[in-house]
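Required output: the full structure, derived from the provided sequences and hints.
Here the protein sequences line up with chains A and B, keeping their order. Quick note: the first sequence uses our numbering, first residue -10, plus one each step. Quick note: the second sequence uses our numbering, first residue -10, plus one each step.
I should point out that these hints are in silico values taken from the structure, not numbers from a laboratory. These numbers were taken from a predicted model, which means no experiment stands behind them. It is possible that part of the hints are untrue.
Straight-line Cα separation of at most 16 Å, EDC-like style, residue types lysine to aspartate or glutamate; simulated pairs [what the hints assert, rightly or not]:
(1) B:96 / A:183
(2) A:224 / A:191
(3) A:46 / B:43
There are 2 protein chains.
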Amino acid sequence: MHIEVINTGSELLLGTTQNTHGGWLGRELFRLGLRIARQVTVPDGEAIESALAESVKRSDIVIVTGGLGPTSDDVTREACAKVTGAELIEDEAALRCIEQFFAIRNKIMAPDNRKQAEVPVGADVLTNKNGTAPGIYLPARINQLHPCGIFLLPGPPRELYPLFFDEVEPRLRALAGVQSNQIMHEMKFTGVGESDFHQAIDAQLATIPGLEVGYCARIAEVDLRLIGDEEACMKGRAIAFEAFAEYLINENGASLEATVVDKLRSSNLTLALAESCTGGLISSRITDVPGSSDVFMEGYITYANEAKIRTLGVNPESLEKFGAVSAEVAREMAVGALQRSGADLAASITGIAGPGGGSPEKPVGTAWIAVACKNQPTIVTCIFQPRDRNGFKKAASQAALDQIRRAIG
Amino acid sequence: MHIEVINTGSELLLGTTQNTHGGWLGRELFRLGLRIARQVTVPDGEAIESALAESVKRSDIVIVTGGLGPTSDDVTREACAKVTGAELIEDEAALRCIEQFFAIRNKIMAPDNRKQAEVPVGADVLTNKNGTAPGIYLPARINQLHPCGIFLLPGPPRELYPLFFDEVEPRLRALAGVQSNQIMHEMKFTGVGESDFHQAIDAQLATIPGLEVGYCARIAEVDLRLIGDEEACMKGRAIAFEAFAEYLINENGASLEATVVDKLRSSNLTLALAESCTGGLISSRITDVPGSSDVFMEGYITYANEAKIRTLGVNPESLEKFGAVSAEVAREMAVGALQRSGADLAASITGIAGPGGGSPEKPVGTAWIAVACKNQPTIVTCIFQPRDRNGFKKAASQAALDQIRRAIG
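Structural data, given as structure tokens:
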């Protein structure tokens, strides 16, 4: 079933409002075993007619959001009538719904709202409990020029979402016939690159019948997406796991920081952080996770050398002898944070974010990470991520969170 | 100039990744006085060719993001060659750039990456400093079937954004022939909402001939854009300044954190931060600014009560009597950070980020901010930003940075 989505709204193209409808519908449709073949955003006004005319030619179903309001630039109804050849008439039931919406709120319906009751002849009116604009479903048989089902849905999420569940989903299920046996399995990795996957497992994955493989590479993270029936996905999963288990963050779509907080909680461990080059980003990521206060004790952002000495007890001689960016200083920072905070586990990072501060021996992008636990040797690792300042901070925080993940075990 | 944007990536249509490129490009193009007429999202693979073929027929410029990687589903280059009739050839300079990208990282280029150096004959190669895939610009004259300029840009934001500023923006400015007497004046405000501007100054601004006014509202920030000749912009600027001078962050497009770092440096002041509810985000934003190590001494993320007592010297009785989220504890945190760090100025924040932890007296979204300076009374303010957790952290960090800005004077 070829499905296209058209989102209308000038604010989406000006970038003042983020278009979240496309992604939201994508997830909901996938749950029904369906996929969006194309998503189009057009400004308010006449552009919608040409976009809709093109989409119906290619599609079995077109879903349009927005443009059902009472003002002059809300022209989705009119565009649909023109494209399908179906006449618009005032629907009595729809009008009563709109009048009722105002009556419940002790308001009088403005004359402009009357046009929201106009519906193409033969269409289903989809009751909108949360706004004045009813949704509209035009079955394929009504569409005089191309047999394509068309849903017109309101733009505001609090109107769109319930209307989708109540009125759109049952119709899509009926149209799609038997429910799909397709599932999606996601695996999130760090410390390994997309090209490593291609070289190591792509050929093997390609031998599994009916398995669709997709990658999404982010900074210091690769998401592997397996789509197919359960058997195909589990075969693919086994191959990826065999090759890269060590680098696997999770298989539930959660962030690395949420995974770390989960692991700390289930291991009954508390965390402290000593950050230099990441400047608080690791702590900020940890505290992005709701409930992180259960496991996160304290963070120290010791940017200046004096702060490393005073707050974390780093030995001034180590700073002198090895420099602030060194394995020894990272180790002393982690041990200092462990002792000072009383946490069960402490991680530290010290490096050169750039653009200034690099040298031939220690170029921009170098960082040392240490993880200290009670009664255990401190683990120190080095990373090299020559990126712009923010990219470095992101990659370095990712590497540090991964070291914490590995230390928890 | 009719501009269309095509974003490629199955993850965007599956909803596993939010499509932020459309909105981002919309804002950047608006800054240049340009608008996106249509935005299209297609999955990886062959769908891009038909989408591109349709867009070039309607457009003067088409911007494509994504699909320039080394794998088999990265087919943007091939689609562009087919649609335009331009042959793909390996570009030596592009190949050297890719080889260099790996060499700098002490890695060997995989054979697959070689295809990233393939470029349509006659196209400009746009150097990508942050990834292996160079961008491509195909001038309209090269396009054998329809005269339409085509930009092919990498998908990852870290690669896309700098490439846009360095290579795309100058070409678009030249193509658009931006009138030499047109300027854009940007003013960035915080602590005041977009509707305040509408009510206070929109009618006045509308009387200035030839002035185009645009707003961009972000979390706890409003950007006012004035486009017109110098005289019109300065008249508009005077009106906005008169009404909202107190809330003005800057007029140079810089971030609030960069403005704070600048002000600290020019006032020869150093900063320390004590964060609870923002969990390191304020420190991270400060250290996003290159050269912030000149002014930023140290940050303390005292999430647990014990950390507030132990590290910042907060009085346990104050915590008992007033609670961790209180004016008194905020004050003691700032004073403690000032004394402990030896900085000239210290700011603190303590609040309830949610979703848990709220109460009728102190609902989620409440935070106290204190700013302490040597030999000066500590200033304490309260904010209320009931948002989701990340929105709260962003708004609270914004408010704290603004208090620091005001304290520097």
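>> Against the 16 Å threshold, does the CA-CA distance of residue 46 of chain A and residue 43 of chain B hold or violate the hint?
In response: Cα-Cα ~13 Å, so holds.
> Does residue 96 of chain B pair with residue 183 of chain A here, judged by a C-alpha cut-off of 16 Å?
Replying inline: holds (14 Å)
> Between residue 224 of chain A and residue 191 of chain A, is the straight-line Cα distance small enough, at 16 Å or below?
Replying inline: Holds, because 13 Å separates the two Cα atoms, which is no more than 16 Å.
When the structure is compared with the earlier hints, no violation turns up for any of them.
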